[in-house]
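A.B. asks: In terms of my numbering, the sequence shown is residues 226 to 347.
These aren't lab readings, by the way, just hints derived from the structure by calculation. Fair warning: there could be bad hints in the mix.
Quick list of simulated restraints, FRET-style, between CB atoms [claimed, not checked]:
#1 Gly289 <-> Pro246: 41 to 47 angstroms
#2 Ser255 <-> Gly286: 29 to 35 angstroms
#3 Arg285 <-> Arg233: 24 to 30 angstroms
#4 Val314 <-> Ser255: 35 to 41 angstroms
#5 Tyr340 <-> Trp292: 21 to 27 angstroms
#6 Leu329 <-> Gln248: 25 to 31 angstroms
#7 Gly315 <-> Gln245: 22 to 28 angstroms
#8 Arg285 <-> Ile323: 39 to 45 angstroms
#9 Ser244 <-> Gly286: 45 to 51 angstroms
#10 Ala327 <-> Gln245: 30 to 36 angstroms
Just so we're clear, the structure is a prediction, and the values are computed from it rather than from any experiment. Idealized CB from N, CA, C, for every residue including glycine.
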Amino acid sequence: LIHYEVLRLVSRVTGEIRSQPRQRLLVVISGAFVAHLVEICLFALVFLLMHNHWNMGEIRGAHGGSWEDFFYFSTATYTTLGMGDIFPVGAIRSVVGIESLAGLVLIGWSTSFTYLAMRDSW
226 LIHYEVLRLV
236 SRVTGEIRSQ
246 PRQRLLVVIS
256 GAFVAHLVEI
266 CLFALVFLLM
276 HNHWNMGEIR
286 GAHGGSWEDF
296 FYFSTATYTT
306 LGMGDIFPVG
316 AIRSVVGIES
326 LAGLVLIGWS
336 TSFTYLAMRD
346 SW
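Produce the complete structure using the sequences and hints provided.
C.D. replies: In structure tokens form, the structure reads like this:
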């Protein structure tokens, strides 16, 4: 839903920019990037809540439980980079799998959207 709304807004804004293809492409890439950051932050918040408040598993490894650690873990999971220095244990693993799948699909969607914007501009 977040991704759809952001890309829809970006599409509307880029439709109003008539002068520079470079400006349109900058809006497309910036919008997609912001959408991904928001989604990563939401998953990081879920991990933090599951780990610290809901007792639904934990994140172990080289982390101290800070927001930055959960954001880092979420980024590695969303991008399917999977560094391995921080890892899930317990029920939280299901959400990790969902985030990986969602990240893969949404990054692909952004790639497709960017390609279409570039094709129309060039």
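A.B. asks: Hint says 30 to 36 angstroms; check whether the CB-CB distance for Ala327 and Gln245 agrees.
C.D. replies: holds, 33 angstroms
A.B. asks: Do Gly289 and Pro246 keep their Cβ atoms within the hinted range of 41 to 47 angstroms?
C.D. replies: holds, 45 angstroms
A.B. asks: Evaluate the given range 25 to 31 angstroms for the C-beta pair formed by Leu329 and Gln248.
C.D. replies: At 29 angstroms between Cβs, range holds.
A.B. asks: Cβ-Cβ distance between Gly315 and Gln245: within 22 to 28 angstroms?
C.D. replies: Violated: the Cβ-Cβ distance is about 51 angstroms, outside 22 to 28 angstroms.
A.B. asks: Regarding Ser244 and Gly286, is the given constraint of 45 to 51 angstroms on their beta-carbon distance met?
C.D. replies: Check passed, 49 angstroms falls within 45 to 51 angstroms.
A.B. asks: Confirm or reject the claim that Ser255 and Gly286 have a C-beta distance inside 29 to 35 angstroms.
C.D. replies: holds, 33 angstroms
A.B. asks: Could you see if the CB distance from Tyr340 to Trp292 stays within 21 to 27 angstroms?
C.D. replies: violated, 34 angstroms
A.B. asks: That 24 to 30 angstroms hint for Arg285 and Arg233 (C-beta), does it hold up?
C.D. replies: This hint is violated: roughly 39 angstroms between Cβ atoms.
A.B. asks: I want to verify a distance hint. Is the separation of the beta carbons of Arg285 and Ile323 within 39 to 45 angstroms?
C.D. replies: The hinted range 39 to 45 angstroms is violated for Arg285 and Ile323, with Cβ atoms some 19 angstroms apart.
A.B. asks: Falls inside 35 to 41 angstroms, the C-beta gap from Val314 to Ser255?
C.D. replies: holds, 36 angstroms
Checked against the numbered hints given earlier, this structure breaks hints 3, 5, 7, 8; the rest are met.
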